[in-house]
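Listed in order, the protein sequences are those of chains A and B. Mapped onto the numbering used here, the consecutive letters of the first sequence carry residue numbers 1 to 369. Mapped onto the numbering used here, the consecutive letters of the second sequence carry residue numbers 1 to 362.
If you are wondering where the hints come from, they were derived from the structure by calculation, not from laboratory data. Using N, Cα and C, we set each Cβ at its ideal position, and we do this for glycine too. Take the hints with a grain of salt, since some may be wrong.
To be verified - Which residues of chain A face chain B? A few of them, derived with a C-beta cut under 7 Å, are: (1) S216; (2) V254; (3) E257; (4) S260; (5) N283; (6) M286; (7) N287; (8) E289; (9) G290; (10) I368.
As the list claims (entries may be wrong) - Below, computed lysine-lysine pairings styled on DSS-like, alpha-carbon distance capped at 27 Å: (11) A:K209 x B:K75; (12) B:K264 x B:K162; (13) A:K169 x A:K251; (14) B:K257 x A:K219; (15) B:K197 x A:K251; (16) A:K142 x B:K243; (17) B:K75 x A:K298; (18) B:K243 x B:K257; (19) A:K127 x B:K197; (20) A:K128 x B:K197; (21) B:K243 x A:K292; (22) A:K194 x A:K298; (23) B:K197 x A:K219.
Take a look at the letters that make up each chain.
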Amino acid sequence: MKLNKNMKKTLKTIILTMFLCVILTMSGCTTTQTDTTDNTSVKGNEITKISTISLLDGLNNNVTVNYPCNSVVSTYGMVPAVIYSLDAQDTLKAGKGIMGSDEFLRILNPNFDDMAQVNTENVEEIKKTNPDVVFAPYWNEKNGIYTQLNSLDVPVFFVDIETVPNYYKLLSNMGKMFNKSEKSDYLIDYYKGKIQYIQDTVKDSEKPKVLVLAHSAKKNSFWTPGGDFWGNEMVDIAGGVSVSKDLETGKMPVNVEQISNWNPDKIIIITYTRDFSSIDAKNQLMNDEGWKEINAVKNGEVYGMPNDGDSWDVLSPKFTLGLMWTAKVIHPEVMNVSLKDEAMQQYVDVYDMTPEQISKVKIVGDAIN
Amino acid sequence: MEKMKKLSTKNSKEFKFINYLLIALNLGGKSENTKKINYTLTLFPLIFIISFILSLFIGRLWFEPNSIFTDSLAKNILLNVRLPRLIAVSLSGACLALSGVALQNLFKNYLAGPNILGVTSGSAFGAVLAILLISYNPYAIQISAFLSGIVAMALTYTVGKKLNGSLRTESESSIINLVLAGIAVSALFSAGVGLIKYVANPTDKLQAITYWLLGSFTGIRWDDVYITVIPLIICIIGLNLLKWQFNILSMGEENAKSLGLNVKKYSVIIILLATLGTSSATAMAGMVQWIGLVSPHIARLVVGVDNRRLIPASMFTGASLLLICDTIARSLTPSELPLSVMTSIIGVPILLKILIRNQNKL
């Protein structure tokens, strides 16, 4: 059968179109994200191609940032450690850690303090670093500096990491932003595995009443995590019943009378400074006459949460260490692990630390060995 | 006496002076005085005793009073937690009220008080500075709060004197300028507190500062009472011994001098005692607002302006009021409420009520 000229032309067009479609589809598969888009920008005589990526932040705002992010600023102390765990520390232009975690981050990066020169409360200082994105705490949404930053075309990504699913979501989003999805997926699986191990280990044990107490830096004064704070979920996963879980959310100051009312079987003491460790706070509590009739104190079941620069009770890259430690002090009969050995291993698994770096880490707290 | 009363309503200077003199020398209106003294001697201490006993048995842990003999937990909470706290609260409330009434007398201004004249802000600045520079040392915090409180009061007094003469009369000028100076000094130290909060590490020092500024007697034990009881008792006894001098001073500087009172010496003593009491209470519990200002007004409503009755009445009112505020703050919810919030919620409506009532009387 002979094809006439017109049919040949149509066939050629169809084949060419199909070929182009296949090429385009293949090129689509090779880009990392489906939610990235390419734009061109003209700067002088140079034409540069800029990719962007759109992600939902902790407040469900759609934030579009340059992809991959090469320059970020953090105004939220929890974020730098997460960026380091994703091996994206080179992108961090400004932002201090939280609760003494700078001490740990200094081991990972001796130049960490250079970033302290940038005032992350000042819009102009932030803009000077020309960041692709600014990470900010979700409760600060109404703060004027973030509105100003948006008006200066600096995207603001609000971070909410009060729960484990939110922490995974942040890891996943940051992995996409920094083109480190492989590491973020690895970390999420790693943490899920650790949690599963803890839950499997303690599942058949009885659940004692546990109180998490953070020292408020005033003599004999403490606060305890309210409802949806991580401390309550931490105790729950570790096989205990948090006595403060019914309090309203937030850091709730509690007195010894209320604690006598709860009469917990175990008390976990936390401090967020290396100047006054959880062991110091524990000793203060044990020597205080007011506490002597509470079950946990009478039975010597008061424990100081370890701190290696970071207190292990926060949702940071080391949160599974805190979980494992809590499970150990609540259920020593089944969770028989050396937290020191576990920490050494997690430093390698999460931060890829060298033996020299690990040797500089000092862990202070109870029941580490 | 009746004639004198009628004339005194004319508000003439001479009769004010004579009236004050009679009051100061305990010669005026004997029958009325006796009645009011009875009030002072019975009503105010009685309210305080009832408040104290009720507070002893109110709290997050409920127990029968007789269970303290059988239940070691109840006994411990009562004797080692509530009792030292209530003693600290009572002494602090008494000192704040006495400081308030003393400063109101000294400056002849019913708006004067440790808060308005900058002592509280000064003490707060000293305490937060100590928290910033020296961690976890309650003694250093207390000394720093006290010294800074003295500096603040001295500044207010000096600036207030320098501003004199800008208004029509000397007394008007003195009162308004002193309050203005107090506002300025208070703002200065508040700015200092703000600056320290700005530079403080948000994870530990800032938390401690914020917690401290909100005010709370939580964690007070016998050790703390032993440390602070001496300055508080000195303030209470000292200001109570100066009742007669307060009456003379309230006649005005010239009249007091003509009656042979060393005004300068007594002014310094009163300022020192008021600052000692206020800064000791502030160092122990943090910022406690309104007690120093409101308590003398409540007491004045019942016993009048004679300082021989007003001083003890204010003292018991301050102690009772702070006891009530603290009991609510520690008992209402599982989490302790900030004391300053409670004293403001209770103190401000009382003050407004008194002001409106006085306004209606005029």
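Taking each numbered hint in turn, which are not upheld by the structure, reported in ascending numerical order?
-> 5, 6, 7, 10, 14, 16, 21 and 22
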